[in-house]
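Residue numbers (this note's numbering): 278 to 1177.
Don't read these hints as lab results, they were simulated from the structure. Predicted model only: the values in this text are computed from it and were never measured. Virtual Cβ for every residue (Gly too), placed ideally from N, Cα, C. Some hints could be false.
[As the list claims (entries may be wrong)] Listed next, the in silico EDC-like pairs over lysine to aspartate or glutamate satisfying Cα-Cα at most 20 angstroms (straight line):
{"id": "1", "residue 1": "Lys-462", "residue 2": "Asp-337"}
{"id": "2", "residue 1": "Lys-767", "residue 2": "Asp-796"}
{"id": "3", "residue 1": "Lys-1013", "residue 2": "Asp-930"}
{"id": "4", "residue 1": "Lys-788", "residue 2": "Glu-775"}
[Unchecked claim] Computed Cβ-Cβ distance ranges for the label pairs, DEER-style:
{"id": "5", "residue 1": "Glu-464", "residue 2": "Thr-573", "range": "34 to 44 angstroms"}
{"id": "6", "residue 1": "Val-413", "residue 2": "Ser-639", "range": "48 to 58 angstroms"}
{"id": "7", "residue 1": "Gly-540", "residue 2": "Asp-465", "range": "15 to 25 angstroms"}
{"id": "8", "residue 1": "Gly-936", "residue 2": "Asp-816", "range": "30 to 40 angstroms"}
{"id": "9", "residue 1": "Thr-554", "residue 2": "Tyr-480", "range": "24 to 34 angstroms"}
{"id": "10", "residue 1": "Gly-921", "residue 2": "Gly-415", "range": "47 to 57 angstroms"}
{"id": "11", "residue 1": "Ser-951", "residue 2": "Gly-540", "range": "57 to 67 angstroms"}
{"id": "12", "residue 1": "Gln-1137", "residue 2": "Asp-816", "range": "52 to 62 angstroms"}
{"id": "13", "residue 1": "Asn-1147", "residue 2": "Lys-824", "range": "33 to 43 angstroms"}
{"id": "14", "residue 1": "Gly-486", "residue 2": "Glu-464", "range": "54 to 64 angstroms"}
{"id": "15", "residue 1": "Ser-967", "residue 2": "Asn-1147", "range": "52 to 62 angstroms"}
{"id": "16", "residue 1": "Trp-838", "residue 2": "Trp-1104", "range": "10 to 20 angstroms"}
{"id": "17", "residue 1": "Asn-955", "residue 2": "Asp-849", "range": "49 to 59 angstroms"}
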Amino acid sequence: MKEQKEQKHVSILVSGGKRLAIVTLAGLIWIQPVLGVGPLSAGSGAVVEAASNVVKLGEDIITSGTKLVHYQYTVSRSGKTAKVLADVIQVDLTNPYVKLDVMTGKGGQVTTRQSVQGMAKETGAVAGVNADFFNVNGQGVPMGASISDGTMITSPSQLQGMYAFAVSKNGTPTIDEYTFDGSIKAEDGTTFPLAGINKESYYTEPNKGFSHVNAMYIYTSAWKSPDRPKDSSTTPTEVLVQNGVVQEISPGAAIQGAVPTDGYILRAHGTAANYITSHLSVGQRVEANYQLRSVTTGSTLDPSAQKMMVGGHTLLVNQGKPSSFTRSTTSISGSSAVARTAVGYSKDGHTAYIIAAQKNDSSSGMKLTELQSFMTSIGVWKGLDLDGGGSTTMVNRPLAETDTTLTFDTSNGGTTQRLVASGLGVYTEAPQGSLKGLKVSGSSSLLIGQEASYKLKGYDTYYNPVDASGIQASWKSSTGSLAWNGQSFKAVKPGAAEVTAVSGQAKASMKVNVLGGGDLNGLIANTTALPLTAGTSADITVTAQLKSGGSVKVPASALKWEFVGFSGSVKDGTLTVQSVKSGTQVGYAIARYDGFSTVIVLSQGGQTTWESFENVSYPISFTGLPAEAKGKAQVVQGSGDHAGSKVLQLDYDLTGGTGNKYAYAQLNGTIGKSVPANPTSMSIDVMGDSSLNWARAEFDVNGKSVYVDLARQVDWTGWKTLNIDLASQGLGSSAKLKRLYVVNLAEGQDERSLTGSVAFDNIRFSVPNLAGSANVKSNTVLMTVGQKTLTAGGMKKTVDVAPIIKGDTTYVPIRYVMDYFGGQANWDGANQRITVLRGGTLIDLTVGSKDIVLNGKRKQVAVSPIIVNNRTLVPLRLVSEQLGISVKWEQKTKSITLQS
278 MKEQKEQKHV SILVSGGKRL AIVTLAGLIW IQPVLGVGPL SAGSGAVVEA
328 ASNVVKLGED IITSGTKLVH YQYTVSRSGK TAKVLADVIQ VDLTNPYVKL
378 DVMTGKGGQV TTRQSVQGMA KETGAVAGVN ADFFNVNGQG VPMGASISDG
428 TMITSPSQLQ GMYAFAVSKN GTPTIDEYTF DGSIKAEDGT TFPLAGINKE
478 SYYTEPNKGF SHVNAMYIYT SAWKSPDRPK DSSTTPTEVL VQNGVVQEIS
528 PGAAIQGAVP TDGYILRAHG TAANYITSHL SVGQRVEANY QLRSVTTGST
578 LDPSAQKMMV GGHTLLVNQG KPSSFTRSTT SISGSSAVAR TAVGYSKDGH
628 TAYIIAAQKN DSSSGMKLTE LQSFMTSIGV WKGLDLDGGG STTMVNRPLA
678 ETDTTLTFDT SNGGTTQRLV ASGLGVYTEA PQGSLKGLKV SGSSSLLIGQ
728 EASYKLKGYD TYYNPVDASG IQASWKSSTG SLAWNGQSFK AVKPGAAEVT
778 AVSGQAKASM KVNVLGGGDL NGLIANTTAL PLTAGTSADI TVTAQLKSGG
828 SVKVPASALK WEFVGFSGSV KDGTLTVQSV KSGTQVGYAI ARYDGFSTVI
878 VLSQGGQTTW ESFENVSYPI SFTGLPAEAK GKAQVVQGSG DHAGSKVLQL
928 DYDLTGGTGN KYAYAQLNGT IGKSVPANPT SMSIDVMGDS SLNWARAEFD
978 VNGKSVYVDL ARQVDWTGWK TLNIDLASQG LGSSAKLKRL YVVNLAEGQD
1028 ERSLTGSVAF DNIRFSVPNL AGSANVKSNT VLMTVGQKTL TAGGMKKTVD
1078 VAPIIKGDTT YVPIRYVMDY FGGQANWDGA NQRITVLRGG TLIDLTVGSK
1128 DIVLNGKRKQ VAVSPIIVNN RTLVPLRLVS EQLGISVKWE QKTKSITLQS
């Protein structure tokens, strides 16, 4: 879309779409009739009646001529019903303001890879998906043909049954299987066949031969790698041609340097090389001619007449019906339900369908046969399979936004995108229109206590974003869940609300959900153990795990903290131990959010310093990947806050090589250094360099590597203490710390520093036998239903409430269980909640509720606590089993034996 120019007046579509308001940048509004504002044009093939197992969930306009349609597809598998979410970008090929084009790696060059979202951002696409198949262990070159605006980027590989999707310059879509048909013509009139354009080495079909043996290929400036190609098993003879004239011939060796933009390099081997030495000379003219030929009809296709072409795999749909597969689908898990990407067009040729089937926590993926059925149900007349599985990614630009977002979570996990060789993009070529409507933009979900600002954004008559920053508006919330403070909204209580901006007679709204305990599955702190010592300070992050999937960081203002056994505070996310109560060996810091809790156990000696780098007696060395990665790892005198101590400094230079880059500080050669047994957490002081690189640690556990994130982005300068939860890593009793390192990922590499220096100090580990076990007692207690006496350690004691049986459940006074087995039970009368603490375990039980919270995770149980004579009784087996206390029940005497 062209850059918009400043306007004195802009237009707004107000409620009902019947009147158009003219808004000045000062925010004043006049009303006039709407003229020439029509609905999205979608082509006659775009709207079809869904089959009974395909339900349309909704649709969103992306730009003029393009919309995103959401479907649910239901299928029976082995007698069970499976539901799949599928998203379809529908493009009106008759609309002059929208076009399709191929997206290629980085900078439009093959042998590079980039995420779909990265390619869309680089090229200005408003939507896109991953496209052609490529060899993940190769150089990153699409297997099929790719054409952009009449220029062939890659030719089809000599493989059988591989189809391609194209749109001609007159807007006609085609799907067919093509071969490359080309030759060069020397000045003496002789010719030699060309095998392809910009191809990496591969095995041809059906003869399974080496692709570059006795063959000649063209390499253009769209080829990035210095190897043309890599691992070809052939010695090249290369010819540099510029403006149709031979500039250089290199017999038996590659020409050094990149291919110029005004020329190409002929790469030949064997008989093709012999032809070059016999028929070409520097200064002579040479002509290259090529076209594509349909395997099915034998007719030719001129690349220069095509707007675009992108390769794929098997044909899926032909004449509106599922097609026989044109190629074996074993290698692409054809009979398994995985994420899928496909493309097709309608019978009248007016609509293109770009399809992605989700495979994530919300959707089970599709088999190829299911994808065929789905495609025919939504109106696809002819369609083919694009690269799927972990590569399946779709992005789209939401209305009034300037950047694309992920349409759905990928099968790689959430927002993680695989780097791919090519994509299929959607582009708008519309001129700037007048403002058609407003949209409120901001977070759609908040946690209690969180504050959020919302903005007005606009879109024009072509559904492209326009500047609405000058529009003055008043803001309000439809419910008391959100409170407006004049600058932003604050989440006050759980519930749904509608945030509305009003400017004169124009208004725009969005729904916002304030998440409460009912929306959560768990609450997790970033560390589980800390030392119980006055002055202890640690950065604490608490994350809420949502029922809907995913997680969100809980703002500090939304948390309520309780401290047991010590006095402490939490300010700006930092927990500080101010003083410890006399005689206390175990303390608890409990973070609560709307009925959920998570606990950090603090104990005397609960955290020991493992390495301070003051007296290192083992080797420390630098290693890097790729081979070009340089650097140094050494123990040096610290700086800043650590000027008085020695630290491990890691200097790195990752400017060489390609792809993901790693700089390692290797501890004790390749062996590593043993860490305490069964560590639950680790803290480490890290001096950051604001490089935005990824900091990690690598442990060895019985010969297997375990990778632990220290910081996803080093976004600070100076020293910072990081606390890392190790409880879920399963490090066991024989783990060794092998490496501390930084990673510079290939994706978004230009946004991170390739050179820098970080340092590490004071590595500390917490272990479970020190983190909370001091308050755990071993004992044997005998209770009898209906009797207000118990025997503990052979001594009879009187109690004020007896165990009872209600229904099929035995209830015991929890206070006495804690008294004799260690730990404590605290009563919160306002919330009718009992908090049980023993060792490293926290259980929250609520009277009358069958939901409990065990160490931050919600669990549902069969029975709930009760109150008898002002004493809280809890289900015996529930609490004892969670606290590690064994229960023996004697039916005849109604006696209970508890033992730990």
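Structure-based check of all given hints:
Our distance criterion of 20 angstroms between C-alpha atoms is broken by Lys-462 and Asp-337, whose separation comes to about 52 angstroms. Between Lys-767 and Asp-796, the direct Cα distance comes to roughly 18 angstroms. Compliance with the 20 angstroms bound is thereby established for this hinted pair. Distance restraint check for Lys-1013 and Asp-930: the Cα-Cα separation of roughly 27 angstroms exceeds the 20 angstroms cut-off, and the hinted pair is therefore not satisfied. Restraint check for Lys-788 and Glu-775: satisfied, since their Cα atoms lie roughly 4 angstroms apart, inside the 20 angstroms limit.
Roughly 37 angstroms separates the CB atoms of Glu-464 and Thr-573, a value that falls within the hinted 34 to 44 angstroms. About 26 angstroms separates the C-beta atoms of Val-413 and Ser-639, a value inconsistent with the hinted range of 48 to 58 angstroms. Take Gly-540 and Asp-465: their Cβ atoms lie about 21 angstroms apart, and the range 15 to 25 angstroms holds. About 32 angstroms separates the C-beta atoms of Gly-936 and Asp-816, a value consistent with the hinted range of 30 to 40 angstroms.
The supplied range of 24 to 34 angstroms is met by Thr-554 and Tyr-480, whose beta-carbon atoms lie about 27 angstroms from each other. Between Gly-921 and Gly-415 the CB atoms are about 52 angstroms apart, so this pair conforms to the stated range of 47 to 57 angstroms. Between Ser-951 and Gly-540 the Cβ separation comes to about 60 angstroms, which falls inside the hinted range of 57 to 67 angstroms. Restraint check, Gln-1137 to Asp-816: a C-beta distance of roughly 33 angstroms breaks the suggested window 52 to 62 angstroms.
Here the CB-CB span from Asn-1147 to Lys-824 is close to 35 angstroms, well matched to the stated 33 to 43 angstroms. Taking 54 to 64 angstroms as the suggested C-beta distance range, the pair Gly-486 and Glu-464 does not conform, at roughly 31 angstroms. Between Ser-967 and Asn-1147 the CB atoms are about 58 angstroms apart, so this pair conforms to the stated range of 52 to 62 angstroms. In this structure the supplied range 10 to 20 angstroms holds for Trp-838 paired with Trp-1104, their Cβ-Cβ distance being about 18 angstroms.
With their beta carbons about 32 angstroms apart, Asn-955 and Asp-849 fall outside the hinted range of 49 to 59 angstroms.
The structure fails hints 1, 3, 6, 12, 14, 17 (numbered hints given earlier, in ascending order).
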